[in-house]
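S.K.: Here the UniProt record's numbering is used: position 67 in the sequence shown is 67, and no number is missing along the way.
No lab work stands behind these hints: they were computed from the structure.
Heads up, a few of these hints could be off.
What follows is a list of derived Cβ distance ranges for each label pair [said to hold, decoys possible]:
| id | residue 1 | residue 2 | range |
| --- | --- | --- | --- |
| 1 | Arg15 | Val61 | 15 to 23 Å |
| 2 | Val2 | Glu65 | 26 to 34 Å |
| 3 | Val2 | Gln72 | 26 to 34 Å |
| 4 | Met1 | Asp29 | 31 to 39 Å |
| 5 | Glu73 | Val2 | 27 to 35 Å |
| 6 | Val2 | His35 | 30 to 38 Å |
| 7 | Glu42 | Arg3 | 18 to 26 Å |
| 8 | Thr7 | Phe57 | 16 to 24 Å |
| 9 | Gln10 | Ser40 | 20 to 28 Å |
| 10 | Val2 | Asp29 | 18 to 26 Å |
Here the structure is a predicted model, which is why all the values come from computation and not from measurement.
Glycine residues also receive a C-beta, built at the ideal position from the N, C-alpha and C atoms.
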Amino acid sequence: MVRQPLTPEQIEAGRRLGALLRHARAGRDLAEVAHAAGISPETLRKIETGRLPSPGFGTIVCLGEALNLPVQELAATWRGSDLPLEAAM
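Kindly generate the complete structure, drawing on both the sequences and the hints.
M.R.: Structural data, given as structure tokens:
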């Protein structure tokens, strides 16, 4: 199966998500947060810089837990809205 290229909207969503994660990490060491989330520092670096704009759901859940960010906030940022998920449906 061939993976379809990401759309410009998906790329921008990844950039928003990365910016939120970078902001939430604040002064914490990248390697420390990556370790707490069970991912490599390089993977976290790629997510934060937008080079990995569509990380797996489990990765996002673990990063949210490591950074005390609710999944709903991460989803709203990725969607580009501050609306709760229920309101977007």
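S.K.: Taking the hints in turn, state whether each one holds.
M.R.: Here is how each hint holds up against the structure:
Here the CB-CB span from Arg15 to Val61 is close to 20 Å, well matched to the stated 15 to 23 Å. The beta-carbon spacing between Val2 and Glu65, approximately 33 Å, falls within the hinted interval of 26 to 34 Å. Between Val2 and Gln72 the C-beta distance comes to about 32 Å, which sits within the given range of 26 to 34 Å. Checked against the given bound of 31 to 39 Å, the beta carbons of Met1 and Asp29, roughly 37 Å apart, stay inside it.
Evaluation of the 27 to 35 Å hint for Glu73 and Val2 yields a pass: the beta carbon distance comes to about 33 Å. The hinted window of 30 to 38 Å between Val2 and His35 holds, with their beta carbons roughly 34 Å apart. Between Glu42 and Arg3, the C-beta spacing of about 20 Å keeps the proposed range 18 to 26 Å intact. For Thr7 and Phe57, the hinted distance range of 16 to 24 Å is satisfied, since their beta carbons lie about 19 Å from each other.
The hint said 20 to 28 Å for the Cβ distance between Gln10 and Ser40, and at roughly 22 Å that hint holds. In this structure the hint that Val2 and Asp29 lie 18 to 26 Å apart at CB is violated, the actual value being about 38 Å.
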